[in-house]
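Engineer: Okay, here's what each chain looks like letter by letter:
Number of protein chains: 2
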Amino acid sequence: MTKLTGDIMAFDLKCYLAEQKAVVDEALDRYLPPISGLESKVVEAARYSLFAGGKRIRPILCMAAHDAVSGSSDALLPVACALEMIHTYSLIHDDLPAMDDDNYRRGKPTNHKVFGEGVAILAGDLLLTYAFELMASAAPSVENPTMLLNVMRIIAEAAGFRGMIGGQMIDLECENRKVDLSTVEEMHRKKTGALLTASVKVGALLGGADGDELKRFEDYGYHFGLAFQITDDLLDIVGNFKEMGKKPGSDLEKNKMTYPALLGVDGSREAAEMHVKKAVEAISPYGDTAEPLKAIAEYLLQRRG
Amino acid sequence: MTKLTGDIMAFDLKCYLAEQKAVVDEALDRYLPPISGLESKVVEAARYSLFAGGKRIRPILCMAAHDAVSGSSDALLPVACALEMIHTYSLIHDDLPAMDDDNYRRGKPTNHKVFGEGVAILAGDLLLTYAFELMASAAPSVENPTMLLNVMRIIAEAAGFRGMIGGQMIDLECENRKVDLSTVEEMHRKKTGALLTASVKVGALLGGADGDELKRFEDYGYHFGLAFQITDDLLDIVGNFKEMGKKPGSDLEKNKMTYPALLGVDGSREAAEMHVKKAVEAISPYGDTAEPLKAIAEYLLQRRG
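Protein sequences appear in the order of chains A and B. For the first sequence, this note's numbering gives the first residue as 1, with consecutive numbering after it. For the second sequence, this note's numbering gives the first residue as 1, with consecutive numbering after it.
Any given hint could turn out to be false.
Identical copies carry no separate label here, and so any pair may be met within one copy or between two of them.
What the hints assert, rightly or not - Listed next, the in silico DMTMM-like pairs over lysine to aspartate or glutamate satisfying Cα-Cα at most 20 Å (straight line):
1. K178 to E19
2. K55 to E26
3. K278 to E298
4. K113 to E173
Simulated from the structure, these hints should not be mistaken for laboratory data.
Required output: the full structure, derived from the provided sequences and hints.
Structural biologist: Laid out in structure tokens, this is it:
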């Protein structure tokens, strides 16, 4: 794997991301192949969204954290793919007419636009359920089954009502309502931040981190999550359809509470920079092995999609 | 616990079911209490359906199978409650307008009728996610973490696209279509039978059963599941709103494929009797400790709701 190139040993992030994405894509395709039979459509629908151009941020963060502590867990790839499945299920359900009512996602029609609402709900349910089946199925190959159970608990908690589902509920409650910065932060911390943080944390855990070490990865995940959301909100204002795969300005149109609306564009950029700085600081003791985590965080400030 | 009463040692099923239901109800309330905060409504919605009068068949079957093999696993109650949460999530999602579009369930307005579709979808997601969190959280108290992972895998598989979700997909595909008996059986085996079978199987597994022993409990679950569905279909024809908590004849109205439509009322009753007989036969070596499982199966032939 080409992580370091050139005479100044510059880390090639683009190459790293492409390589890691290929690993995840291959595994996802292997773990959830098409099926035949009367129920084949729900797997087809799940695969439609699973292979609709996701950047695989959560599995890549998970693997990068694992590698940062020099781990070698056989459960890593199933857990990393489970994170992507949970993320994808949340997108399918969030896009439904009863939720955010989105017609496009990553430049393609949303799941319910292609397969209908009933199948889309089931396809989301499938991915959520299968994520846990996939992780539990790693049992025979792990040395430490209690650690795997701990990983599953952390992920379920991050995806549940104290995390992602809670955040989406807050989002539903606050639509068309004026809210303050602390509410916006709580919403994002739960809706997007919790699963991102869990991705980094379980990667480090599988890699062998514990105690204070684990706390560093959690801090990285926390600040990464906020920087991720702020830059996402900024993209909605300054991006374009081709780069984003969805209509810019759609947050504004729906009266969604966003960072730029609360802090202004410049204030939001400053906040994003601050969180990236703190994320990078958290993992600074790890040096070279944490280079991917550092580069991914810094890349957020240049993201275009 | 009063399992045997009277001078002829008759098993008091009514008393047994009431006692076991109370154990499950208390545990569910303790595992998922109401919360405060902006996201409290999604927990309120989940609890609304969780405490809407379910008979707790799956947790009771799980506990009865565990007791039949004289087990004493600390993970039993969390696993039993997780089964009820998964069952409840499936009801919430199945009742949605995009699926079966039901307004009443167990005599009460369905979840989306009370909380709206968006919250109902999230409440289902919550229960599914929390089921796995609850099971994984039992890790510190179990002696055999690998067995707990195996239990979680079996449950996830039964709830997933090869089981419950697959069955619901077949149901959606076959609405308003003429189908044969083998398709109806496949649909029910997956939609309802898979989780019922898994409930019995994981109970026996936690109780210490393996190999041939486990197969007996699987067979019980398989025949129980079919008898359960056939008697459910019969109730839709001969039941009334008060006893069933939903409008009788609703299957007919929706052109749902049912056993009575394919086998007639008498033929369906005979089929139900045959499956109950086979379920009871499967666990016959267990004698007294399997008395609850035997009585629950036989009770299906007298069910009124």
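Engineer: Is it within a copy, between copies, both, or neither that the alpha carbon of K278 lies no farther than 20 Å from that of E298?
Structural biologist: Close inside one copy (11 Å), not across copies (64 Å); limit 20 Å.
Engineer: Checking an output row: K178 and E19, CA cutoff 20 Å. Within, between, both or neither?
Structural biologist: neither (43 Å within a copy, 49 Å between copies)
Engineer: Is it within a copy, between copies, both, or neither that the alpha carbon of K55 lies no farther than 20 Å from that of E26?
Structural biologist: Classified as within: same-chain Cα gap 13 Å, cross-chain 44 Å, threshold 20 Å.
Engineer: Between K113 and E173, at a C-alpha cutoff of 20 Å, which is it: within one copy, between copies, both, or neither?
Structural biologist: Classified as between; 17 Å across copies, 25 Å inside a copy.
Hint 1 from the earlier list is the only one contradicted by this structure; the remaining hints agree with it.
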